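*Asks:* Those protein sequence lines, which keep their order, are chains A and B. With our numbering, you'll find the first sequence wraps up at 1041, consecutive numbering, no jumps. With our numbering, you'll find the second sequence wraps up at 1172, consecutive numbering, no jumps.
The set of hints was computed from the structure by calculation and includes no laboratory data. From a predicted model like this one, the values you see are computed outputs, not experimental measurements. Ideal Cβ placement from N, Cα and C applies to all residues, glycine included. Fair warning: there could be bad hints in the mix.
As the list claims (entries may be wrong) - Below 25 Å or equal to it, Euclidean Cα-Cα: the simulated DSS-like pairs (lysine-lysine) are:
| hint | chain 1 | residue 1 | chain 2 | residue 2 |
| --- | --- | --- | --- | --- |
| 1 | A | Lys1039 | B | Lys1046 |
| 2 | A | Lys657 | A | Lys48 |
| 3 | A | Lys395 | B | Lys1046 |
To be verified - One side only, chain B facing chain A, incomplete, derived with CB under 8 Å:
| hint | residue |
| --- | --- |
| 4 | Tyr1073 |
| 5 | Val1111 |
| 6 | Ser1116 |
| 7 | Met1123 |
| 8 | Tyr1131 |
| 9 | Ala1134 |
| 10 | Leu1160 |
| 11 | Ala1163 |
| 12 | Phe1164 |
| 13 | Pro1166 |
Said to hold, decoys possible - These stretches of chain A come out as covered by chain B in the derived footprint (C-beta under 8 Å, 3 or more residues):
| hint | region |
| --- | --- |
| 14 | 175-188 |
| 15 | 831-838 |
As a plain string of letters, each chain reads:
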Amino acid sequence: MKKKKSTGLWRGLTAVFACLLALLIGANSIAAANRDFINTRLGLSNYKIVDNSNGEEKDSIYFKSEFSSISELIDAKTALAAEISSEGSVLLKNNGALPLDTASEKVTLWGLNSVHTTLGGMIGSSVSVSADAGQVQYDLVAALREKGFDLNEEMISFYDTDEMLKAYGRKGGHALTPSFGKVYENPSVYNIGEAPADVYTDKVLSSADGTVAVVVLSRDSSEAADYNPNMQNNKANKDGTLNLTDTYERPLALSTNEQAMIALAKEHSSRVIVLINADNPIEIEELKNDDGIGAILWCGLPGMNGFLGVADVLSGAVNPSGHLVDTFAVKSDSAPAMVNFGVYLYTNNSKTGKDATLINENCKGDWYLVESEGIYDGYKYYETRYEDLVLGRGKADSDAGAIGGAWNWDDEVSYSFGYGLSYTSFEQTLKSVDVTVGGEGKAVVTVKNTGDVAGKSVAQLYVQAPYTEGGLEKSAIQLVAFGKTSLLAPGASEDVTITFDPANFASYDENAVKANGTQGAWSLEKGDYYFAIGNGAHEALNNVLAKKLGSDDGLVKTADTEEINAGNAIVWNLSATDIETYSKNVENRLQDMDINKLIPGTVEYTTRADWTKGWEPVAAITPTDAMMVGLTNSLYTLNANNGDNGPVTWGASNGLKIIDAVITEDDGTYVGVLNFDDPIWDQLLDQITLDEAIQFIEKGGDDFENIDSIQLPRIYSNDGPLGYTGDQVGGYFVRWTANDSASPYFVKETDDKASYRMAVMPTEPVVAATFNKELITREGELLGEDGLWAKESSIIAPGMNLHRTVYCARNHEYYSEDPVLTAYMGSAISTGLRSKGTMPQPKHFAFNHQEANRPGLSTFMTEQAARENELRGFQMPMSGNICQGIMTAFNRAGTAYSGGYCPLLTGIARDEWGYMGWFVTDMINGADYMNWRDITAAGGGAALTSSAYDSSEIGAMAASRDAIAKDNYFQQEMRQAIKYYLYQMAQSNAMNGISSTTEIVFVRTWVDNALLAGTIAMAVLTALCLVISVSKEFKIRKKED
Amino acid sequence: MSKNKLGAAAFLSLVAGGLSLVDIFLYRTVMYTYQPVFFMLAGAIVVAVLGCLLARVVPTIANYFPICLVFLLASALVWGAMLMVNQIGYVIAGLDGIQTILTYIFFTGFTAAALVIALVAAFLPTGVKAE
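With the rest of the complex left out, here is chain A (with noise of 0.2 Å):
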């Protein structure tokens, strides 16, 4: 019994040794392939610099901090937040109510999301703060309060308490729900986040009596999450079901307990100033009707910083000179954008049972979105139709898509894309404007400021295209160009010399046939086209018509402050049709986006020439044998046929460097890099192995795989648009290791403010209604110092995207509903963010215009469209090669994804723009839709994942080493991919510390050592306690023989 015992115990131990070896030899597996999440969580790397030069190393910091230290960046980037928020609040309407005597008047703040107002979107905007550190986020008490703000306290303390936070408020100011999830209903609920009015007591009540109120509305904005028209307020009662007490008509409109607080504000308060804390426009007709409203002043959501700001326009420390960047509708689902906009499901989707063909879980492929505006977007829709009506056009006064009764702009419009108020005045005359076609436009206004209060004024270029009826759509009003005077003191002036590119008011004809044969063209047809000036879309358009008209008779005016001059409309004319200039190498490219071009008769589109058309959804599409391609199956196949160029040559000993390729001064100075097409580039893309190829597409994203063939090191990238955020790099000394120490921007984790976050900007609607590319650019070189403190050498932003309408949740991520503006935004901040090295990423190319379902959404539209809204956006700083790189989108365009669809990565984007910077997916979510083979194909750049191909039907791309190694077009498309990138890196701050005489050799971390030496133990333990089992085993089994 004794000896039975004495083996089973080493039997057991043998067993427990076993079961640790198992988890260890798994875990360094699963470490392996995490390696570089691990790392970064606990200061480590794999790699290091080692120079070589004896001690004669030249200067090798290529890009150069303007600062010392942290400290210094820190600052300067909180007082840029809040002077970008400042210049970014836009003044709707002030009876004098603004700007408040901070001396003199007690300030109530009205509304519970007064004290839970919010900052930023939730995920790649989201706001956090480094409070251990000290670190300090102003919402809008602590920045009224920084700034000086006498306020009522006892209002408060009335809301800041968790009970009232528990039963009626939005917890950090957000109530969206994001999810990564697949949606197959439109989402039902939404808690506005107010009090109603009977909770509120006859003490707290009469603590605001003869205070100035300042009522906040706030609505929050999120990553993977929409608004609908048909949400409820979702707080739910004890028992479960919804508590109706604070109801609306739609979420972006007033509700039930906003109204009776601002009524109680006017009651309470000598007047009241309307706060409107939110990305989203919401539905302000009634308080701009309201006389008992003194002003309104939206702030957007302005990140960390941003309040102090808002508060030195309330206080007059900042005169607003903000303009609007999407038009703010009376009913903010009137578009013709909303007809379509939600859950639209294929009729064979994978929910239907036994007609379900859409059924591979991956592909995602369930749903469509069909854009059947056409390209009236925004002001463009509500403008064109104000035009149309006015000139008694295209049955424009029907009630069709009207609020009721017949359509008119006033029912419709509060406010119009490009207004804003100032507490001065400013008198704006359009001088000039020269037009060359092929060459450069350039307009000069006069602005003068004839009030009696210093300011900035924004000069809006607006222009009208000749349109005939029936013929090529084309928007009544667009904006060209724009341009901001300096600080103008009372009765001082400023001509603004504004320069723009004619290409942004051609049109795209689909319908052209152009010299060489080919279909499709940008177009500037021939006839008169209205250069004018104006507060807005709208007094722009006003300017066209009282010139075109010779009278402003009938016209409305967005207020009684607007004028209306004809003299602000130039005319300038083209003579013959020119289909040519732009058009080089332009051609159809995406016909297949065009539901209509794949089943016709699918959608009607919204039209000028007959406004009663576009307004029925497309509530069912049954996707033809071609659709079903695109929608369960890769489109590329590896095959040993493809290529006809020959093999690819692999892992050559050319004995080059990455460095090799940046140009410097003999004292080490960075002048630039090789010319693209210097062979230097291929002799360096031939030492790479074919493996290291493999590795850097198929786990791009966060941050790019080191290339030890061609020491290329490990290149960080991370999100988002505010700045670098948070719960991605959670302070400046998180990529630093020891390793980096002599770097002169080495942070380490014990440094002062070393863990503050650096997402502080305000978010892009914020940031675009600044109207001023200066100051964006500055924005961008700050960010980009970010960069070289935290050692970042890309950051995925701006959002791009055009707010296509006003319920798409992820609107905070992109600047507005005008591409010009959207392409001047991100040309500025990336032209910033390059100067410092730190390559500009913007996304999500191209069309993510709906988030729900946002994986795999089919999104058609016509070319038109396209081209003019969304890719006009992009264009600007793709093709001046401004941005470095593009992350694309999860939806399909069409129905390929977007990541992999040739016609716009290789047809628009490198064969017409010329742009010669990477692609790079968003995180592969459904990695069978977002496939590396139809990305590479395709001429997408690395897929950004880890280990998501593992997972899929496909398989990861290591996986198909030998078909690749078969396949010579496949990997001459992966080369070029790669060269891109190559390309663009050497032109980055992550060259720095690198030079000819410097190596990166591999280190193993101590994490490494300890997995390696438990796995050791374990496997010596393991086996000499077996071997002592079995001997003891021989041993009784010898005794008992």
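Once you've looked at the hints, dock chain B against the given chain A.
*Replies:* Using the frame of chain A, we list chain B on its own:
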């Protein structure tokens, strides 16, 4: 030969094997599955059954089967996490719902339970030789 008896470990191994069978069905419903895990679990079932069968014939050898069982179950446990790491991260970060990893949690729980039972079994005899 037939006088050899089944030891406690044999019964425990069968329980662990039974749990492994449940695991196979559970693992099929996990969001991202790694094919070798199915083989590990199937191997665990085979080892458990084989151990019991051999216990009456060669109990000395059968006594070592729970060690194999432990190794296979521990491997299944850790490799089952291989493709779920990212998804777990999404859930922790609040990017996705807990329901997306619920079956994985059940799978992990059952596998861990089977592993503990197999570990106990390894200390005990699978077959007991007749006196």
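*Asks:* For each hint, tell me whether it holds in the structure or not.
*Replies:* Verification of the supplied hints:
Between A/Lys1039 and B/Lys1046 the alpha-carbon distance is near 21 Å, which keeps this suggested pair within the 25 Å criterion. Distance hint between A/Lys657 and A/Lys48 is fulfilled; the C-alpha atoms sit about 16 Å from each other, no more than 25 Å. Simply put, A/Lys395 and B/Lys1046 have alpha-carbon atoms about 94 Å apart, too far for the 25 Å limit, and the pair is violated. Because the closest C-beta pair between B/Tyr1073 and chain A is about 4 Å apart, less than 8 Å, the hint holds.
With a cut of 8 Å, the hint placing B/Val1111 at the interface with chain A holds, because the nearest CB-to-CB distance is about 4 Å. Satisfaction of the interface hint for B/Ser1116 is found here, the shortest Cβ-Cβ separation to chain A being roughly 4 Å, below the 8 Å cut-off. At a threshold of 8 Å, the smallest CB-CB gap from B/Met1123 to chain A is about 6 Å, leaving the interface hint in force. Checking B/Tyr1131 against chain A by beta carbon gives a least distance of about 6 Å; that is within 8 Å, so the hint holds.
Checking B/Ala1134 against chain A: minimum C-beta separation of about 6 Å stays under 8 Å; hint holds. The interface hint given for B/Leu1160 holds, since its Cβ lies 6 Å from the closest Cβ of chain A, which is under the 8 Å cut-off. Hint on B/Ala1163 holds. Least Cβ distance to chain A is approximately 3 Å, under the 8 Å limit. Contact between B/Phe1164 and chain A, as hinted, is supported at the beta carbon level, the nearest pair being about 3 Å apart and thus within 8 Å.
For B/Pro1166, the shortest C-beta to C-beta distance to chain A is roughly 7 Å, which falls under 8 Å, so the interface hint holds. Coverage of a stretch by a chain is defined here by at least three residues with a beta carbon nearer than 8 Å to that chain's beta carbons; for the region 175-188 of chain A and chain B the count is 4, and the condition holds. For the region 831-838 of chain A, the proposed coverage by chain B is not satisfied: 0 residues have a C-beta within less than 8 Å of a C-beta in that chain, short of the threshold of three.
When each numbered hint is compared with the structure, violations occur for hints 3, 15.
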